[in-house]
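Participant: Turn these sequences into a full structure, and let the hints steer you where they fit.
Chains as they are written, first to last, in the working numbering: chain P, 7 to 603; chain B, -9 to 226.
Please keep in mind that the hints were generated in silico from the structure rather than gathered at the bench. Warning: the hint list may mix true and false statements.
[What the hints assert, rightly or not] With a straight-line Cα cutoff of 30 Å, these simulated DSBU-like cross-link-like pairs (lysine-lysine) come out: (1) P:LYS163 / B:LYS216; (2) P:LYS447 / B:LYS7; (3) P:LYS163 / B:LYS218; (4) P:LYS508 / B:LYS33; (5) P:LYS510 / P:LYS442; (6) B:LYS216 / P:LYS477; (7) B:LYS35 / P:LYS447.
One letter stands for each residue in the lines below.
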Amino acid sequence: MAASVSVRKFDAVIVGAGGAGLRAAIQLSEAGLRTAVISKVFPTRSHTVAAQGGVAASLGNSEEDHWHWHMYDTVKGSDWLGDQDAIEFMCRKANEVVIELEHYGMPFDRLDNGRIYQRPFGGHMSNFGEKPVARSCAAADRTGHAMLHALYQRNLKVNTHFFTEWMALDLIRDADGDVLGVTALEMETGDIVAFHTRATIFATGGAGRIYHSSTNAFINTGDGLGMAARAGIPLEDMEFWQFHPTGVAGAGVLITEGVRGEGGILRNAQGERFMERYAPNAKDLASRDVVSRAMVTEINEGRGCGPNKDYVMLDITHLQPEVIMKRLPGIREISIRFAGVDPIHAPIPVVPTCHFQMGGIPINYRGQVVAPKSGLSEVVVPGFYAAGECSCSSVHGANRLGTNSLLELLVFGKSAGETAINDMRMGRREHKPLPKESIDKTLARLDRLENQKDGTDVHETRLALQRVMQKHAGVFRFKDLLEQGVHEIMAVAEQVSHTQIKDKSRVFNTARIEALELDNLIEVAKATMVGAEARKESRGSHVRDDAPDTPEHPDGRDDENWLKHTLWYSEGNRIDYKPVHMDPLTVASIPPKKRAY
Amino acid sequence: MSTRTVQFRIYRYDPDKDAKPWMQDISLELEETERKLLDAIVKLKAKDDSISFRRSCREGVCGSDAMNINGKNGLACLTDVDDLKQPIVLRPLPGLPVIRDLIVDMTQFFAQYHSIKPYLVNHDPLPERERLQSPQDRDELDGLYECILCACCSTACPSFWWNPDKFVGPAGLLAAYRFIADTRDQATSERLDNLEDPYRLFRCHTIMNCVDVCPKGLNPTKAIGKIKDMMMRRAV
Ligand SMILES: Cc1cc2nc3c(=O)[nH]c(=O)nc-3n(C[C@H](O)[C@H](O)[C@H](O)COP(=O)(O)OP(=O)(O)OC[C@H]3O[C@@H](n4cnc5c(N)ncnc54)[C@H](O)[C@@H]3O)c2cc1C
Ligand code: SF4
Ligand code: SF4
Ligand code: FES
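Facilitator: Structural data, given as structure tokens:
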């Protein structure tokens, strides 16, 4: 491997070219700052491309809407763990950033009057929770694709400088804790370069690949979180993961809720419509977390289908073929392609599937990374910014509403960019001298991997990690499984520190990349497991058997003890907490109450 | 059918150690649930970590894993192993320089895409709200904006093979038409000027390979035809 490291100086480096990174890049490039955008893949291959449903904004194009209603829904959806200042900021900014996107050329669908088409989406209501409202701005069922391409195209217009197929490896911090850039690997050549900057913005996306079954792309390995954690930055609320009830078993590809809306029924191995036992009224159309938990209970109690009894069936064979062809053509295609069954004739094997990471690198609503320091819970880490799924602002709290994350990318991508520009303009950020040790850290990591003998296999170790997470920190959490899970994930961590690759080529070495990604996945997995074990209540997506629904604690939520954010530190595998921001920026606080729809 | 054995012949080339490319014969046991060609290649890599290819979304939306499969370009993640004749012959996309194994250098493909200025141009002052567009006008973009830049089409196009530096190729021309067709875009005549050249547009001889291989079912030839029509009308 390259022993010498060259240094490249930029005003700013943005790691990640998904929706969040590209939005931040527009800001910096328009401001004329020398900006490098680093991405593991060509920008339009980032996972934002897979988003389907839409992006939320209270434009009110087809009926009355208001950002304050959107804010209320988001706070409630978060099960009150969301920071109300950040939520107000996001909901108020939504119209502005969505209109900008339209000006960039995004091909939104249109209403007859020429305005952006909006559709209703789960949890988005008018008048403080009264009835559903059309708030999701959409381009067919390809909103993410349309948005990512529009943002990339805008970046071409403003001449952003891309480093495509480069992988950032480690964060560079000096003795004061200031962030001075990243080290990165150029895939094609195997060269290592240090990007020396005044501002470093992480937009590396989610880490859905810590679970065995995931709607996320192969590249979603939580690199930004791993880099931050190794550099001493805590990760926030990592125990909160959203599971979607219906991912195709084995493949993980998403099957929309619309299938159950058309009359689809979930069945166990006995052919029983089991949801009748769990949700007598709403049945198969109960909320995402309720359905996911019911499915897992069936599987855990031995009523799953298939040779390993590890999935259930989504049955629409009783529907008229014409209905399926007309209303669910895309789903039929996915089912034929990824499950090998035509749903007209046979049920689709489905399993609750990891979908979205609510936690991440702690930021404030300006996009600055914040961490505890000298007794204060939130002190800005100079030179470091983050946005998108890798960050935790925290607008999603314990549970995200659909369409709020594409919005988050735009709002916080933009604000991180603006704040970084401001910090530089105010002269607060100059190129501080690069400390040699941080580069050594990267080189040591690469050397270890290069020279490992009798080590562990990357593929097997990653599989072990994913299986532990799936079993011990899945949809439904059990006290004893979580306690065991902490031990098991630490055992996997030990294996990760001895991974070995056979391929030693310098050129586009994907074996090396996968090994380096595993170093990041394990940090996220530990944070999730340890945070979940420690949080002794049920809230949003985190539901424990020993924190059941009681009169004192509806749905098992315990505001008195647990209305607080988890902070996990890699060093010492240590947990800390910080308060939730209950105060919005301008409006009155929305006080906690039982979450019912 | 529980497991099955599948034969592969894979193009291998690592410039770090191979003097020239070679073909590797491998056989692989696949479980019933492992249906897609991408599943199979990922499994091959688990056994031999030096096999190199790109992949990300594994659902046909990111455009990473285009390759030449039994002589035809396609996405590994959307291709069923059982539909393929064995041995399954995998090669990098034709016509572009090979970096390693199934990974090609896409620089020229993207340079052509960039050359058509793939972004909205509108000189009017920015309105406070969205620019209006009727649903019918918006429908004109269907079949154009869905392109995932996988390069299956351009690397199946003989005209692109001979002149990758001069002929824009089907993907780039599809994108050019996407902006011409957008009622919000005001640069149609500059866009046509940009293609007014013996090579950039007119090297397309309507061979239709591009349509045949597009994994998203798009029709670059039709878009190219429309641009040519506009050129003609403009000329008279
Ligand atoms: C199937 C699916 C459907 C969804 N649908 C919706 C929806 O309808 N509405 C909604 O609001 N949300 C939806 N979501 C969620 C939303 O799409 C994601 O949260 C969001 O796209 C994440 O964007 P991002 O910019 O943070 O990261 P990504 O788009 O994942 O981009 C991450 C970027 O970081 C780069 N990167 C990562 N690590 C490194 C490294 N080490 N070095 C260099 N570069 C690196 C990658 O190359 C990539 O460019 C959906 C998610 C999924 C999985
Ligand atoms: S139709 Fe034109 S662009 Fe398409 S393959 Fe043929 S020559 Fe190439
Ligand atoms: S037109 Fe089709 S084949 Fe060509 S790049 Fe786009 S998606 Fe791929
Ligand atoms: S892996 Fe994304 S298109 Fe095949």
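Participant: Please list, smallest to largest, the hint numbers that this structure does not respect.
Facilitator: 6
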